[in-house]
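Colleague: Here is what each chain is made of, one letter per residue.
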Amino acid sequence: MSEDAVPQEPPEELPAWSLPADAVERIRLETAWPERVTRDWAWGGSTGAGIRVCILDSGVEPGHPDVGPVDNAVAISIAGDEVNVEVDTEGDLCGHGTACAGIVRSLAPECEIHSVRVLGAGYTGSGGILLAGLRWAIDQGYDVVNMSLSTTKQKFASMLHELADDAYFRRTILVASAHNMPVESYPWKFSSVISVGSHELDDPLTFFYNPSPPVEFFARGYELDVAWVGGGRLRCTGNSFATPHIAGIVALILAKHPELTPFQLKSVLHLTATNVGGES
Amino acid sequence: MSEDLHAAVAAGVFGAEENHRALLQSVVEVARALFRAKASSIFLLDEQADELVFEAVAGEGADELIGKRFPSSTGIAGWVLVTRQPLVIEDVAADARFGREAAESTGYVPKGLMAVPLLHDERALGVLEVLDRPTDTRFTLKEMDLLSAFANQAAISLDLLQRARRAHAALADDGDAALLARVAAKLEQRGEDDDDTGSRDAALQLLRALEQLL
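Note that the protein sequences, when read in sequence, are chains U and P. Take 0 as the starting number for the first sequence in numbering that gives the first Met the number 0 and just add one per residue. Take 0 as the starting number for the second sequence in numbering that gives the first Met the number 0 and just add one per residue.
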C-alpha cells in the first residue's frame with residue numbers, strides 16, 4: 000500500500016472516539032456561549048419556526064383552533080411481527096394528544112406539529128406499539144418528541160432505554176412525563192430524556208430545575224385550559240400537561256440554536272430555569 | 000403455572016369472591032370520603048377481553064352500570080390506564096362530547112373528575128375515578144399525590160385478591176392445582192377440629208414423604 004493511500008485523518012463523518020492534538024480545532028463549538036446564559040439569549044425572538052415537534056399520544060384533532068396546522072399524522076399498529084404506519088384519519092381518540100399539541104403551539108407558534116398515535120388499539124399490545132411509535136419517530140429525525148406517557152412493563156425497559164440513548168445521540172430531544180406513583184415506570188427515569196413534573200403556578204414559562212432528581216424539571220401542569228376534542232377546551236391538571244410546556248420551550252431554544260446537542264440543551268434549560276438564573 | 004399453584008393452595012383456605020366485591024366497594028367508599036366527593040367509581044381491566052369493566056360505585060351514579068364494558072385504551076379511563084398517568088379534569092360539562100362520555104361511564108354528568116391508574120408492579124389493574132370534589136376548597140397537587148398514594152394501597156390489595164380469584168377459577172377445574180388446593184382446604188378444616196388432629200398429622204406425614212419423593 001502506498002503511503003498516500005493511508006488517510007492522515009479519519010473522514011469527517013466517522014465518529015470521533017479520541018481527539019488528536021491537531022484535531023482540537025475541528026471540534027470548535029459553533030455556539031458562542033455568553034458569559035451568562037439568559038432567557039433572552041436562549042429563546043428571545045424565537046417562534047419555534049423550522050422545529051419539528053412530534054406528539055406521541057392519542058392523536059391530534061385536525062383543525063382545532065388552538066392547535067392550527069398538523070403537518071403530519073400517522074397511527075402505529077402491530078399485526079403479528081409487522082409494524083404498520085398509516086396515515087391517521089381518526090383524529091384524537093381521547094383528547095389528550097390535542098391538549099399537548101395545543102400547549103406546544105401556544106409556546107412555539109411557528110413550529111411544525113406531527114402526530115404519532117400510539118394509543119387507542121387496546122391495552123394489550125400497547126407497550127409494543129409505544130416502542131414501535133417511538134422508534135419510528137426517532138427515525139424521522141424529529142427535533143422534539145413529547146411523551147406524556149409511560150409503561151410499567153419490565154420487558155420494554157431495556158429496549159426503551161436503548162431507543163432513548165439512540166435519540167440522544169441523534170439529537171432528538173425526548174421530553175417525558177414523570178410519574179408520581181410508587182411503581183417503576185419508563186422512559187422518564189432515563190437520564191437521556193428530559194423528565195417533567197408539575198408545579199402549581201400560572202405562568203407557562205415558569206419552570207424549575209429539581210436538584211433532587213430523578214424528576215429534572217417542574218413546569219406548569221395545574222389547572223390550565225387545554226384544547227380538547229370537538230374544538231373545545233377543558234380545564235386540566237397533571238404531569239402530562241407540564242411535559243408539553245417543556246417541549247414547547249425546547250422547540251423555541253432549538254429554533255434559535257439548532258446546533259445544540261441534547262446535553263447542551265439540558266444545560267440551557269438548567270441555566271434558564273426560574274430557580275437558577277432565568278427570570279420570567 | 001407455579002404462581003397459580005401457590006395461589007390455588009392459598010385459595011383453598013381463602014374465600015375470595017365475596018372479599019373481592021367487598022374490597023372494591025370499600026375502595027370507592029373510602030376514596031369518596033377521603034375527597035368529600037359526590038361519587039367514586041372503579042374500572043378493572045379484563046385482560047382476556049382487553050376491556051375495562053365498571054366494577055363498583057359509591058355515591059351518585061348508577062348501580063345498573065356495574066358490569067358495563069368500555070374500550071381499554073380510548074376515552075379518559077382508557078388513556079389513564081394505558082399511559083399510567085393520573086389526570087384531573089374540571090368543567091367537564093363545558094364540553095358536550097366529554098360530558099356524554101362521562102355520563103355513559105358514570106351514570107351522571109360530573110362537573111369534574113380525578114382519574115388515577117391502579118398499578119401494582121408491572122401490572123395496570125384498572126382505573127379509579129373520584130367525581131365532583133367540593134367546590135368550596137381549591138384543588139391542589141397535594142390531593143393528586145394523596146389520590147396516587149391511596150390508589151397504590153388499593154392496587155396492592157386488589158392484586159392479592161385477584162390472584163386468589165384466579166385461583167378460585169382454577170379450583171373449579173380438574174387440574175393439578177385444584178387437587179392441591181382441595182388438599183390444603185381439607186388440611187385446614189382438620190386443623191380447626193380438635194378431635195381430628197390424628198388424621199391431620201398422618202396426612203401431613205404423608206405429604207412430607209411425598210415432598211421427599213418428588
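Treat each hint with caution, since some may be false.
Using 20 Å as the maximum straight-line C-alpha spacing, the simulated EDC-like pairs for lysine to aspartate or glutamate come out as follows [claimed, not checked]:
(1) P:Lys37 to P:Glu17
(2) P:Lys141 to U:Glu161
(3) U:Lys152 to U:Asp80
(4) U:Lys188 to U:Glu222
(5) P:Lys185 to P:Asp158
(6) U:Lys152 to P:Asp135
(7) U:Lys154 to P:Asp120
(8) U:Lys188 to P:Glu121
(9) U:Lys152 to P:Glu46
(10) U:Lys154 to P:Glu46
(11) P:Lys110 to U:Asp224
(12) U:Lys152 to P:Glu121
(13) P:Lys67 to P:Asp90
(14) P:Lys141 to U:Glu199
(15) U:Lys255 to U:Asp138
(16) U:Lys188 to P:Asp120
(17) U:Lys152 to P:Asp45
(18) U:Lys188 to P:Asp144
(19) U:Lys255 to U:Asp39
(20) P:Lys141 to U:Asp80
(21) U:Lys152 to P:Glu50
(22) U:Lys154 to P:Asp144
(23) U:Lys152 to P:Asp172
(24) P:Lys185 to P:Glu210
(25) P:Lys110 to U:Asp39
(26) U:Lys152 to P:Asp49
(27) P:Lys141 to P:Glu121
Just so you know, the hints here were simulated from the structure itself, not pulled from any lab data.
Colleague: Has the given pair, U:Lys154 with P:Asp120, been kept, meaning a C-alpha gap of at most 20 Å?
Modeller: At roughly 12 Å apart (the allowed maximum being 20 Å), P:Asp120 and U:Lys154 satisfy the hint.
Colleague: Please work out if U:Lys154 and P:Glu46 have their alpha carbons no farther apart than 20 Å.
Modeller: holds (18 Å)
Colleague: CA of U:Lys152 to CA of P:Asp172, is that 20 Å or under?
Modeller: Outside the cut-off at roughly 30 Å; violated.
Colleague: Would the hint linking P:Lys141 and U:Glu199 be met if the CA-CA limit is 20 Å?
Modeller: Between P:Lys141 and U:Glu199 the Cα gap is close to 10 Å, so the pair holds against 20 Å.
Colleague: With a cut-off of 20 Å on the C-alpha distance, tell me whether U:Lys255 and U:Asp39 pass.
Modeller: Answer holds: U:Lys255 to U:Asp39 is near 11 Å, not above 20 Å.
Colleague: Starting from P:Lys110, check that the Cα of U:Asp224 is at most 20 Å away, please.
Modeller: holds (15 Å)
Colleague: Would the hint linking P:Lys185 and P:Glu210 be met if the CA-CA limit is 20 Å?
Modeller: holds (18 Å)
Colleague: For U:Lys255 and U:Asp138, compute the direct alpha-carbon distance and say whether it is at most 20 Å.
Modeller: Cα-Cα ~23 Å, so violated.
Colleague: Check the hint pairing U:Lys154 with P:Asp144 against an upper bound of 20 Å on the C-alpha distance.
Modeller: violated (27 Å)
Colleague: Does P:Lys37 pair with P:Glu17 here, judged by a C-alpha cut-off of 20 Å?
Modeller: violated (26 Å)
Colleague: With a cut-off of 20 Å on the C-alpha distance, tell me whether U:Lys188 and U:Glu222 pass.
Modeller: violated (25 Å)
Colleague: Holds or violated: are the alpha carbons of P:Lys185 and P:Asp158 at most 20 Å from each other?
Modeller: violated (26 Å)
Violation of the numbered hints given earlier is confined to hints 1, 2, 4, 5, 6, 13, 15, 20, 22, 23, 25 and 27; the remaining hints are satisfied by the structure.
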